[in-house]
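Q: Residue numbers (the numbering used here), protein chains in the order written: chain A, 1 to 296; chain B, 1 to 295.
None of these hints come from the bench; they were simulated from the model.
Mixed in with the good hints there might be a few duds.
The calculated lysine-lysine pairs, modelled on DSSO-like cross-linking and capped at a C-alpha distance of 30 Å, are [said to hold, decoys possible]:
| id | chain 1 | residue 1 | chain 2 | residue 2 |
| --- | --- | --- | --- | --- |
| 1 | A | Lys9 | B | Lys123 |
| 2 | B | Lys123 | B | Lys191 |
| 3 | A | Lys9 | B | Lys191 |
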Amino acid sequence: MRRFSAAEKREWGLFALLVSPNLFLLGVFTYWPLIYNGYLSFVRWDLLSPVKIWVGWSNYTYLFTSPDFGAILFNTLFFTLGSVVALCVLGLAVALLLNQKLRWRNSARSVIFSPVMLSGAAIGIVWIYIFDPRYGLLDVLIRLAGMRSPNWLLDPNWAMLAVIIVHVWKNLGYAVVILLAGLQAIPKELYEAAGVDGAGSIARFRAVTLPGLSPVLFFLVLTSILAGFQSFDIVKVMTEGGPIRSTTTLIYALYQEGFVAFNAGRAGVASVLLFGIMLVFTIVQFRYSEKNVHYA
Amino acid sequence: MNRDAKTPTAPDQFADEWAGQKYSLVRRFTGYLGMLLCVAVIGLPVYWMVIGAFKVSQEIYQVPPTWLPKQPTLANFVDAWQAAPFGRYYVNTLITTLFGSGFEVFFAVTSAFAFAFLRFPQKELLFLILLAALMVPTQVTILPNYLTIAQLGWINTYQGIVVPGAAVAYGTFLLRQYFRTLPHEVMDAAKVDGAGHLRTLWSIVLPLARPAIVTMALLSIVAKWNDFLWPLLVTNTREMRVLPIGIFWLMVEEGTINWGVVMAGTLFVVVPVVLVFLYAQRYVVDGIAAGAVKG
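This is chain A alone, in the form it adopts within the complex:
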């Protein structure tokens, strides 16, 4: 067996000293909750009583057979897909625009990015005022087009769209910054080569821009999907999941079951489910960046 020098052993000690607080906290507040969520999903418990009743799979069967569950899943997918598509399409349009040699484009980029930095709760509140069908900014603009504003947040048909609009408005700058970086990383020679071949701007976009951008676009899609599943503060502030549960997503259902209805078992099921769904996307992202990212 190899013998370790005193210096090496001292290095181990320092390593342990530096790393253990971080790992300990991750263990307590990141890994332990996963196990405990699994356990909670099999009990009935109101967070207060000293006894937790083991109920087997009944929390799961309750959830999967409840009519609300289908709606919650639909809301989650609708919110996530809707905002991801909007973020990619609008983000790409704005990034292409700002990729041109225009004056003030860096200032424009900063303005567009700024909502990313602001509190989601504050943004949500400002937008409630904007959506107000009587005194809101949006009604002023809609009237210019000769129409009247819907009752955005009190109408179950419109509330989800309103929440998506705010989420997209807040996160557009993130998409733009990432796509712009991707555009600028495409080698200029490729465009010049395409130009020599006589490719028009649409042909160049399809032959050079889109393939060159695809790794970044993929990264954006995945991070936006994950962000969509996690979005909480805008929903909480603007609609509290309503009206008639029309904006209740999985994360909001988790909060409601756990911290409003005090039903630890059902919140446990929601946690397990949310974790499972997000794990799939996270693994896809990891796999992908392992393959395509080159660390210096």
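Could you slot chain B onto chain A? The hints should help.
A: For chain B alone, coordinates are given in the frame of chain A:
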């Protein structure tokens, strides 16, 4: 192939140039128009919030609304400050943000240094364990963490808000990648000079990695300042609320009957972040862009 046949004659060349110029003029015009539209779409809601905060109550509920406050007033700010203990909210948010981000940066730097430069048996395995934490979004941990914090008697305390979010996996990962790109010669020279590990960390690694650390710290500070879900769960007294929770309750209490006061309150929350962003936007924007392109 006859090359000469392809050489444009002089008049054609001029026509091409003229057409190109016209094209680029149109293109530039639409470019600026598009840019203006984007800035308007992002800027108008912010403008609406700011002017709302300066409008007197009757003006807010006037149809059609005004684009500039007719009698600009500061009363909303005074009222908001009196309607809710914003001074206390600021103190709470400052404490939780500074300690929260301070821990995150400290843990990220020390762990990344250890993983990048120190020897330890099964180090790679430990690093994988740390990385796996990236797969666990904080949202799915709220219920067990709430129970843990309650068990510790930390509901309505600063440590209850700060400690569960103090550990850091992503920042450790990023900084470790960055540390590994630092020139080895400098590190070796320090060793030859007899500098201990902590000396090397402090006087060589930290200064060299400053841009990466500053970016990480800024993103962490903004995230902690804006954090909403966790403080909402672990505080239930007015005195322990942080700004995002405070503004939420101000809206619930004053809401649609007093938008001017609520808008003044939201300005209390966002203005400090806007100032930080104005000062440090390069770090933040470039850091986020680098995260996507380099990983």
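Q: Could you run down the list of hints and mark each one as holding or not?
A: So, going through the hints one by one against the coordinates:
In summary, the hint linking Lys9/A to Lys123/B is supported, as the alpha carbons are separated by about 14 Å, within the 30 Å threshold. Straight-line distance between C-alpha atoms of Lys123/B and Lys191/B comes to about 21 Å, which keeps the hinted pair within the 30 Å bound. With a C-alpha separation of about 17 Å, the suggested pairing of Lys9/A with Lys191/B holds against the 30 Å cut-off.
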